[in-house]
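Take the sequence shown: its letter number 37 is residue 37 in full-length UniProt numbering, and every next letter is one higher.
Please note that the accuracy of each hint is not assured.
As the list claims (entries may be wrong) - Label pairs and their calculated CB-CB ranges:
# : residue 1 : residue 2 : range
1 : Gly-142   : Glu-18    : 30 to 38 Å
2 : Val-44    : Thr-144   : 34 to 42 Å
3 : Ala-87    : Ile-149   : 20 to 28 Å
4 : Gly-113   : Leu-168   : 38 to 46 Å
I should point out that these hints are in silico values taken from the structure, not numbers from a laboratory.
Just so you know, even glycine gets a beta-carbon here, dropped at the ideal spot from N, CA and C.
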Amino acid sequence: MAKIFQVSARAGMTRVVEPVARGLLRAGVTPNAVTVAGTFGVLVGALGFGARGHLVAGALIVTVFALTDLLDGTMARMSGGSTRFGAFLDSSMDRIADSAVFGAVAYYLATEGDRAGTAAALICLAAGGLVSYVKARAEGLGMTCNVGIAERTERLLIVGVGGLLTGLGVTPALPIALWLLAAVSIFTVGQRMLHVYRQAQRIHVPGGNG
Numbered sequence: 001m002a003k004i005f006q007v008s009a010r011a012g013m014t015r016v017v018e019p020v021a022r023g024l025l026r027a028g029v030t031p032n033a034v035t036v037a038g039t040f041g042v043l044v045g046a047l048g049f050g051a052r053g054h055l056v057a058g059a060l061i062v063t064v065f066a067l068t069d070l071l072d073g074t075m076a077r078m079s080g081g082s083t084r085f086g087a088f089l090d091s092s093m094d095r096i097a098d099s100a101v102f103g104a105v106a107y108y109l110a111t112e113g114d115r116a117g118t119a120a121a122l123i124c125l126a127a128g129g130l131v132s133y134v135k136a137r138a139e140g141l142g143m144t145c146n147v148g149i150a151e152r153t154e155r156l157l158i159v160g161v162g163g164l165l166t167g168l169g170v171t172p173a174l175p176i177a178l179w180l181l182a183a184v185s186i187f188t189v190g191q192r193m194l195h196v197y198r199q200a201q202r203i204h205v206p207g208g209n210g
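With these hints in hand, go ahead and build the complete structure from the sequences.
Set out below in structure tokens:
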């Protein structure tokens, strides 16, 4: 099944990002520095603005800095490929940023008395972590897991649009976006587990439960 954010759109963004990536590399900026800076920017947008109810500013800041996920990857590719530590750092920073975004959304909705929306945000937080864990665990066992309709870019895009619309006065938009995201995230977990199960039937995978 095709991803929500189509490959062609990703390719178009990459063409825009490449000149910026070249400029940063020429200036001596490393991909790891961009990764950390991007995460810091997301934290500022989510915790400094979104959690306090400044949804438009928060959504815009998070979106801008979330694009560094494309930028640092492009820089790594141009400089000869990602290092093991770079891949580890990128994944770790993504989890920190995602936790901040959905934690901030859950906090904001709780302060507004929206219990259903808060529950949806917490489900998104848990399911988003599980989407990433299933892939990492599968790859650690020597299998592939590049499937699913709601990867990180899609998840941030959905919650960002919901937050932006709510900030502009369309109050139900954020809770609706969160419930939609919760559904597609859980579906993605199922997709990935089924994909891994089918591979495991064809190969011997060492290791037990846990």
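### Query
Failing hints, ascending?
Structure breaks hint 4 only.
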